[in-house]
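Work out the full structure: start from the sequences and follow the hints.
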Amino acid sequence: MRVKDGVLKYGFVGPALVFLIAFNIFPLFYNIYLSFTDAELSGGVTQLIGGRNYGVIFDDTRYGTALRTTGLFVVLAVATELILGFALALALQKPFWGKPAITTILLVPMMLSPAVMGLYWNFILNGHYGVVNQALSVFGLFQPQWLTDPDLKLFSILMIDIWMWTPFMMLIALAGLNAIPNHLYEAAAIDRASRWTVFRRITLPLCSPLLFLAVLLRTTDALKQFDLVMAVTGPNDRATQTLSALLYQVMFRGYKIGLGSSYSIVILLIVIALATIFIRYIAGIQAKQGRETA
Amino acid sequence: MKYLRWLVIIPYFCLATLPLCWLFFTSLKTQEAAISPTASLIPSTAENIAPGDLTFSATLDAYRKLATPHTGKAHAFFHYLFNSVIIGLLSTLASVVLGTGCAYGFSRFRIAGARDWLFFILSTRFLPPLAVVVPVLMMYRVFNLPNTHLGLILLYTAFNLSLAVWLMKGFIDEIPRAYEEAALVDGYSPLQAFYKIILPHSATGMAVTAVFCLISAWNEYGFALALNNAEAVTVPVYFAGLQGNIQGIPWPQIAAGVLIFVVPIAVFTVLVRNHLLRGVTFGTIKQ
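Residue numbers (this note's numbering), protein chains in the order written: chain F, 19 to 312; chain E, 6 to 292.
No lab work stands behind these hints, which were simulated from the structure alone.
Since the structure is predicted, the reported quantities are computational estimates derived from the model, not experimental observations.
Heads up, the beta-carbon is just placed ideally off N, CA and C, and yes, glycines get one too.
Misleading hints may appear alongside valid ones.
In the BS3-like style, the derived pairs of lysine-lysine whose C-alpha atoms are separated by at most 27 Å in a straight line are [stated by the list, open to error]:
# : chain 1 : residue 1 : chain 2 : residue 2
1 : F       : Lys-27    : E       : Lys-201
2 : F       : Lys-117   : E       : Lys-7
3 : F       : Lys-112   : E       : Lys-201
One-sided excerpt, in silico: chain E residues whose CB lies under 10 Å from chain F [claimed, not checked]:
#  : residue
4  : Trp-11
5  : Leu-12
6  : Leu-28
7  : Leu-46
8  : Pro-48
9  : Phe-114
10 : Met-144
11 : Glu-225
12 : Tyr-226
13 : Ala-229
14 : Ala-271
15 : Arg-278
Some, not all, of what chain F presents toward chain E, calculated at C-beta under 8 Å [to be verified]:
#  : residue
16 : Asn-49
17 : Tyr-138
18 : Tyr-147
19 : Leu-165
20 : Leu-189
21 : Ile-190
22 : Ile-220
23 : Phe-230
24 : Tyr-266
25 : Phe-270
26 : Ile-285
27 : Ala-293
This is the structure in structure tokens:
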């Protein structure tokens, strides 16, 4: 029985692990190897060139710019989504007529394909026939060139991202708010605590672990931002070139796989740092829930 | 305070839903009406409307045109939709099957280094797709997999597995062990106990997992673009590829296509709405 159990358990666990190793660990090591070569997408002879690619990264100003653009994008997007999402969750906390319908409709942008939505926002923000500028002109307001003004392009992408992902923050914040036991609010009412005190001493601290989880999830996603950039400006626009867009440009437009691989290794180091925080955090939550992981 | 609530909800609700309403209106327009510099806002059934009028004549033309190939494209929208459906469904099926088995193994058996394995599984989720796409492409070239449905199915399965394992483990952990123990006492083999006890009890979990795997495979763009630009093209890649079309971008058709494309996801999301949070937080939040 015991021996059979041993075979059985690896039969359950094995296939998934083999799959994950084939598609994650193998490519990762292959990537490290490629980053020390001058490989090209078109094939041909590949030579080991040592750390030259890494030298290029530090000389290439595009890389620093992409890093800054991505950083700016992540910070602004996640912060705005957090504030808006939390405000919405607070507004939706108490039951009222129409709440389920409103909440569900608010979630729709989250279900749409970012690549296609980026394209569709081109249509809305178009300087010539876009409905946003037409509306602004009706009110006699200034009509910005959302998609062509270098100072505005990143802002436009940011706006689309916020439109798509604020509902996500709202969803998690709502769960956090619902989990706060009612008796705490009752006790605060008896103590005649002000609204602000209740918010600062009860709502915020009890909700913050989940908000932090939401921020981590969104941050790791926003770091990969690619779909919207591709759709709105293409991968090679200085004003909006995120790390993933730069990677795409180098590897699939410039065919420089070796160089692209070394870019991706540096990006990976950043992502791994963040993912480690995230994973520790998840482990903490699970430990609190008393759920054993092993 | 009551009014403050509406002060937050109403403006946000209007701003967030306006683009969606506009999407719907655009799908009812002709190309000329859609790109007119004087936008019309109100659909009407009248045939001829003077230019510049606020109403436009609503037509289902855009939906009809989805059935015929657009200029410069080999196939009609529904061909790409079919690709998306095949790739989405099969990769979802594979992720749920492999994920459930793996989750069951970790939930019920002593496995050396289980904790580390589980966190390795979770960590694969944070890999940026573009960081592994080239090695995967090279690997695929050896096996003749680029531009095939199978290539994308395998890739999406691998990338959804982490979520599937974590979600399913949460659901299976909640099934009391006593159920299987009773079955074993009754003379079931361990495998039979899995089929007859665990599978039926984790049906909800599998449905929830399936929806989340389907959503991410359905909307995925980066891999699909890099690996599949000739055959087995999915809808996001097809639409994005219409940019720079000589005939201009067919906005009404895109709007109509987007609406058709989101229907399955919207329906499934509403069906699992009670488990939505579990899905988006890797099963760390129970509802």
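These are the hints, each one checked on the structure:
1. F:Lys-27 x E:Lys-201: Holds, at about 17 Å.
2. F:Lys-117 x E:Lys-7: 14 Å, holds
3. F:Lys-112 x E:Lys-201: This hinted pair is violated, its Cα atoms lying about 42 Å apart.
4. Trp-11: 8 Å, holds
5. Leu-12: 8 Å, holds
6. Leu-28: 7 Å, holds
7. Leu-46: 9 Å, holds
8. Pro-48: 15 Å, violated
9. Phe-114: 4 Å, holds
10. Met-144: Holds - the Cβ of E:Met-144 comes within 10 Å of chain F, reaching about 7 Å at its closest.
11. Glu-225: 8 Å, holds
12. Tyr-226: Status holds, d = 4 Å.
13. Ala-229: 9 Å, holds
14. Ala-271: 6 Å, holds
15. Arg-278: 7 Å, holds
16. Asn-49: At 5 Å from the nearest chain E Cβ, F:Asn-49 passes the 8 Å test, so the hint holds.
17. Tyr-138: 7 Å, holds
18. Tyr-147: 4 Å, holds
19. Leu-165: Nearest chain E Cβ about 12 Å off; hint violated.
20. Leu-189: 6 Å, holds
21. Ile-190: Hint holds; F:Ile-190 Cβ to chain E Cβ min 7 Å, cut 8 Å.
22. Ile-220: 16 Å, violated
23. Phe-230: 12 Å, violated
24. Tyr-266: This interface hint holds because 6 Å falls under the 8 Å limit.
25. Phe-270: 6 Å, holds
26. Ile-285: Nearest chain E Cβ about 6 Å off; hint holds.
27. Ala-293: 4 Å, holds
Hints 3, 8, 19, 22, 23 from the list above are not met by this structure, while the remaining hints are.
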